[in-house]
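Residue numbers (the numbering used here), protein chains in the order written: chain A, 1 to 298; chain B, 1 to 1189.
Treat the hints with caution; some may be incorrect.
Stated by the list, open to error - 30 Å max Cα-Cα, derived DSSO-like pairs, lysine-lysine:
(1) B:K994 with B:K967
(2) A:K128 with B:K669
(3) B:K611 with B:K669
(4) A:K8 with B:K669
(5) B:K365 with B:K313
(6) B:K606 with B:K558
As the list claims (entries may be wrong) - Distance windows between CB atoms, simulated:
(7) B:P90 with A:D267: 49 to 55 Å
(8) A:E178 with B:A24: 29 to 35 Å
(9) B:A24 with A:D64: 57 to 63 Å
(10) A:R229 with B:P90: 55 to 61 Å
(11) A:D165 with B:A553: 54 to 60 Å
(12) A:R265 with B:V292: 40 to 46 Å
(13) B:A553 with A:E181: 41 to 47 Å
(14) A:E178 with B:V561: 58 to 64 Å
(15) A:D165 with B:V292: 22 to 28 Å
(16) A:A162 with B:P90: 28 to 34 Å
(17) B:V292 with A:L242: 44 to 50 Å
(18) B:V292 with A:D267: 57 to 63 Å
Just so you know, the hints here were simulated from the structure itself, not pulled from any lab data.
Ideal placement from N, C-alpha and C gives every residue a C-beta, glycine not left out.
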Amino acid sequence: MLTISGLKKTYANGVRALDGVTLSIGRGLFGLLGPNGAGKSTLMRTIAALQEPDEGSIQLDGVDVVARPQELRRRLGYLPQDFGAYPGISALALLDHIAVLKGILDNRARTEQVNAVLQLANLHDVRKNAVSTYSGGMRQRFGIAQALLGAPRLIIVDEPTAGLDPEERNRFHNLLAEIGEEAVVLLSTHIVEDVSDLCPKMAILAGGRVRLQGEPARLIAELEGRLWRKAVAKAAVAEHRLRHDVISTRLFAGQTQLHVLADARPDPGFSPIAPTLEDVYFATLTEKMPARPGSISC
Amino acid sequence: MLTALLRFEWRTHTRQPSFFAALALFLLVGFGLTASQFGPENVALTSPFLVMESLGLSSLFSVFAVAIFVSNAVLRDAEHRMEEIVFTTPIGRSAYLVSRFGGALAAAAAASAFAPLGMLIATRMPWIDAARLGKIHLSFYLWPYLVLVLPTLLFCTALLFAVATVTRSALATYTASVVIYLLYMACAALTNSPLMAASAPGAGGSALAGLLDPFGLSSFFTTTRFWTIAEKSTRFVALDGRFLLNRLLWVGVALAIFGAAYRVFSFRLVARTKRPRKARHEAGTTATVPYVRSEPHAPGFRASVAAFVSALKLESSSALRSRPFLLLLLLWFVLSLTEIRSDLFAGEYGSALYPETQFIVATLKSPLQIIGIIILIYYGAELFWREQRFRVASLIDATPVRGFALVLAKWSALAGMIAATFLTGILAGVVVQATHGFFDFQPRLYLSLLYFAGLPLVLTAAAAVAIHSLSPGKYAGLVLVLLFVFGARSIGTIGLTHPLWRFAGGPPVSYSALSGFSDATIPFGRLMLHWSVFSAGLLMLAAVSWRRLGSGAVVRLKTAVRHAATAGRASLAAILGLLAMTGGWVFFETSRHGGNPSSAELLDWKGAYEKRYRPLAGLARPRIEAVTTRVDLFPAGRRVHIVGDDTLMNDESSPIASLLVSVRRNASKVEVSLPAARRTVDAGFGMVRFELDPPLQPGARTTLHFDLTYDERGGTVVNPSVVANGSLVMGFLTFPSLGYRSTQEIADSRERNRRGLGAPSTPEIEDPDALTIDESADARITLDATVSTENDQTAIAPGRLVREWTAGSRRFFQYRTDTPIRNQLAFASARYAVSRRQAGGVEVSVFHHPAHAANVPAILEAATATLASAGTSFGAYPHRQLKLVEVPASWPFGAFALADTILLSEKRTMLVDSRDPQRLDLVARRVAHEIGHLWWGYQLVPATRGGALMLVESLAKYTELMAIQQKHGAAHVRRQLEYELDRYLAGRSGEEQKERPLANVGAQAYIYYGKGALVMMSIRDAIGEPALDLALRHLLEKKPDGATTLDLLTELRAVSSDEPFALIDAWLRKIVLYDFRVDAAQATQLPSGRFHVTVRVNAERTESEGDGASRSVPLAEAIDVALYRAAPDPGAEPDLLQRVALHSGANDLAFDVAEAPGFVAVDPALLRIDRNRRDNVRKVDKKVDVAPR
């Protein structure tokens, strides 16, 4: 159980990255959605005890992470958004090294687990190659492999599927789902599908605040019957924006498709559509998501 | 476009902190050189020579600055991952490269320009001696900047640019800069640069090395090597000859390298390593393994040890894989080979040493310290910032590993790299030894290097790690470490001289086979313990601030402080407690043993002593007639107890009422007494004043009783007298003396001026008011000395051994003189082996370390032969015994003569390898010279005047050269004279005061040794050996005490005709220099088959003033001209040797010879002091005679 409350962080250059984040996350996959610059990475790094918050507390299974980061690190698997590798060091050697640093001292157990995560990440055949020579996708899988070392209770994966092809992404999702049975898995992404495919729970972060959290299915249900679509010429978009609650626009076959939120069909040009998580996401970002009991919108 | 790019580069460089660091460095170096009033005292700080030398020295730093600029220019795209963006812009290759190169060059040039600025600022400083400020001409600064600094910068930039472009590696670039520096060091060593310990023989060194020095400094020094003060004050170094060639060569090389880099460079991303063996695995085919959790071990000691081991493995495998480091080791190996070989086999007079481990260790020590510092500065930064650089920091920091384990691993890796360089140096030493058939490697002595030189470096590495842990970035950390290292080394110069100020510093520890490691090992060990604790604290600090939480330096410092106040409180308290203990111990011991006064304190003391007591120098005093003493040596206790009585006799014409007695101030227990006298003690100056009541009447005697102890425990005494084995107690350093001690005066005139002291006290030869104040020269004594020592040691004192006995655990030796000797005493004790030989009525004994027996037969042979020949030439040796005694290498002489005893330095005599006939016989030379002193210096005791040292040293040189001629022949002497000429010419160029003529020589070794040897041989040639020997014999007979060079001239006049005497008189009283030059030489075969040889010789004779200004004087002398078949070396015998009359200017000579001559040489036997001997030899052109018969 990961409990975050009132987390604030302002950088030296004045950027307020976290502005009072409060979340409560149980076992299983938790998706953290947000646009670039929403404060996702700051939140991830802060939870991973790589930096300290200005205010607020983080507790993992009742342990204060800010005060006792070592307790957290023992149970942490962390895949940073951006990482590299020592030149010339093979995946096997680097994993072994990280495993030692994580405290897996028993040689046999370590060898077994390193081999296991190499296979899970589908890197076993290239384990003797230097990580620095890996392609983007391979390196990402290496990152996942190292995050699995040990017995993490909390796994933080920051933008994990960037650079993965669809097949790899699939495998990765399966893996996460499997791990999620025993640990808190915090998945930060700006790809909505990742969350809708995987996460029983999610939150949307923007401007350093949690804008929405809940179960994807229930959130989607909120928009049921209230979402309308219309294709208009590019020139008419501005006018529609004035008249309707446009949550997203998208080019389709040379015309602009508008998604509009309304209790009734706004005009005959609109047709009703079934909402997706993406619509929830856009509705939240444009601050048009209806307030309702059970979903916290701050 | 190019202008815009260049402007962008300029902006980029000048906004880097490293630019300002470099700028500050140059400003500081320039300022420091001038502000310290660097250079010969009589040369203005603003003279073109000194300005050029200073700028040249500061340019040595430029190679490192350039490395930073170049790596910034070339590698910043890759480092900041801008390559894709920049390389895909339409910018052309030439615009890209020229702008990057130009930017780096401009930044380096701008930073270097701050060195002359610093020098100019320094001339305005208040402490600068106004007399040393000449007129400031900007051209003096601009010229060297243009011809010396800029070409160097161009070359360094081009080479490093090429390296950076080709390798795309910052480390490789830095390594290349070190390589350039090493190339300079090698050239400097080969050209006998004044910056290096003099090693290579011969004049000017190798032309090739002068050419190959990329900094141009070697050719600069070669060009100015024999410049006199006058020339150094006024002359510009012209851009011609070797210097021009050197500059052209390196500018050319620079352009070629840049051209090559231009061709090689392409806008392709560098594939950094080979592709993976299997590019990509097909997805989805692996067996699905279940994910297994592996419960981590509880954090704690075991986990930290495991993490440390794993991290160390990783770090060291990276270091070993790093080609730059391996290249550095390889280069260092080669450099060590050269250094070791040059120290072992190119010593004084080109002599060789036995390749003992102790010498190799001494050679390796200081370059290892330099390389170690370079490693910890460069690799410290590389290692510490690896995680940031390769972006693995967030992976590592997310693990529960303790910072301590990782910091310790980094530090250990750094220590391992330092150890690797040490082992490489040691390997080079072993290789040199093995190739010379020497297999007694003494591994423990080699390993002592790791402790005495390695440990301080390893501790400094801990400081470097701590500095990086708090530094905002890699380069800032690098500069901070650099500043820290130099700050720690030079903290003494700002007055913080207590050992506790100097991080990882310790007293220098010396080693001698005879006496082992010096006692400085004790304070060294104590300080190392202290600094180890300190370093442990630093490592803890680094460990605490290891994780870059929030990354800022301030945040990390706060974290460290917070940690220290909470979880780290116990360790902090422990470290502080230990530090207080070790520091207190150091402090206590340092104050208990007095420590050593700093050189400034000592100089101040000497100055005050002179001011206070010199006025009393003329006070009448009695003569010491006899000394009865008991000297108890306690080698294990590092203590000597001296008790004795001096019999004083008033041989003045009036009564003596007041007597000054001087006692060395380091005596720990002093008791001096005189009957019927009132005593006042000035303990600070070690002076005791007796008021005699009644006064001592002329002809009356009294007894001065003394009881002194010298305690040298603690290891703080720099040149100890009493050591475990090989003690040497010198009388003039321990016994009381009468009156003012002029030997305590400051010799350096700069220091004298600073303290308002006048000229030093060696009076000019013809100064009628000069006082005779030498405390021993005018006294001959009889000695009765009983010396006791530990019972396995032999003690030696002047005189004949009359009794030897053992009492308790001590051995006693009683020595007595048969005839009075000069009052110069020495007492030695060691576990000696003895070899004896009877020579005439004299028993010659060599007391030596049993392991140093190799040269003993040669020493005995040289001693007996010289004793015999000098006896024949100058009169019989007055004693029945001669003792030659080995003393530890720490004594600052090669050998030291006393009346019937000669002290031989362990290193410079006993371990000199004179077996090679190609080398000068240094062992025989040294022994013969000291035997010469048994006449010149002990039988003849000159007046303390200018020229006194000629009577002592030049005459001993003459004795030595005659002994060498007897043993090895005239060719050997000629070879030695080459060295003497070089010594003289180089010495006068380095003269800081005034060169004096030989007859008035002061403390100027280059004159009384170098010129003395040449002039004595010239006199011998001019009047013949029998006449010269007769004159010397007469001098000794007529005036054994108080002779001057004027007396010598009188005796020489008596045995010479007018013409040679005129020459001799000029050689002694003036500074006469010659220059002979063969301008043309041609041989024509005559119909008879013989050869007609015509030679044109240009001759010049100059007389020089003391400051080096010289004027031509007419020359008309008979000079040797020789013809050789092959190129002559100094040892070659000529086929024709003819003495011809030469006059100033061109002389056309003709010879008729049977064989075709190959070479002609003027003055082959070095009978005249020739400023330039290179042009004295010329190949003879063969003229084919086509004339019809």
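The hints, checked one at a time:
With a C-alpha separation of about 37 Å, the suggested pairing of K994 (chain B) with K967 (chain B) is violated against the 30 Å cut-off. For the hint linking K128 (chain A) to K669 (chain B), the alpha-carbon distance of about 75 Å lies beyond 30 Å, and the restraint is violated. The straight-line distance between the Cα atoms of K611 (chain B) and K669 (chain B) is roughly 26 Å, inside the 30 Å bound, and the hint therefore holds. A C-alpha spacing of about 75 Å is found between K8 (chain A) and K669 (chain B), which places the hinted pair above 30 Å, so the restraint is violated.
Between K365 (chain B) and K313 (chain B) the alpha-carbon distance is near 29 Å, which keeps this suggested pair within the 30 Å criterion. Distance hint between K606 (chain B) and K558 (chain B) is unfulfilled; the C-alpha atoms sit about 51 Å from each other, more than 30 Å. Range check, P90 (chain B) to D267 (chain A): about 51 Å between beta-carbon atoms, so the 49 to 55 Å window is met. Taken as a hint, the range 29 to 35 Å is violated for the pair E178 (chain A) and A24 (chain B), whose Cβ atoms sit roughly 59 Å apart.
Roughly 46 Å separates the CB atoms of A24 (chain B) and D64 (chain A), a value that falls outside the hinted 57 to 63 Å. R229 (chain A) and P90 (chain B) have their C-beta atoms about 44 Å apart, which leaves the hinted 55 to 61 Å range violated. Roughly 42 Å separates the CB atoms of D165 (chain A) and A553 (chain B), a value that falls outside the hinted 54 to 60 Å. Between R265 (chain A) and V292 (chain B) the C-beta distance comes to about 55 Å, which lies outside the given range of 40 to 46 Å.
For the hinted restraint 41 to 47 Å between A553 (chain B) and E181 (chain A), the CB-CB distance of approximately 43 Å keeps it satisfied. Checked against the hint of 58 to 64 Å, the pair E178 (chain A) and V561 (chain B) fails, with Cβ atoms roughly 44 Å apart. Remark: the range hint 22 to 28 Å for D165 (chain A) to V292 (chain B) is upheld by a beta-carbon distance near 27 Å. In this structure the supplied range 28 to 34 Å holds for A162 (chain A) paired with P90 (chain B), their Cβ-Cβ distance being about 30 Å.
For V292 (chain B) paired with L242 (chain A), a C-beta distance near 59 Å fails the hint of 44 to 50 Å. Hint check: V292 (chain B) to D267 (chain A), Cβ distance near 59 Å, so the stated range 57 to 63 Å holds.
Of the numbered hints listed earlier, those contradicted by the structure are 1, 2, 4, 6, 8, 9, 10, 11, 12, 14 and 17.
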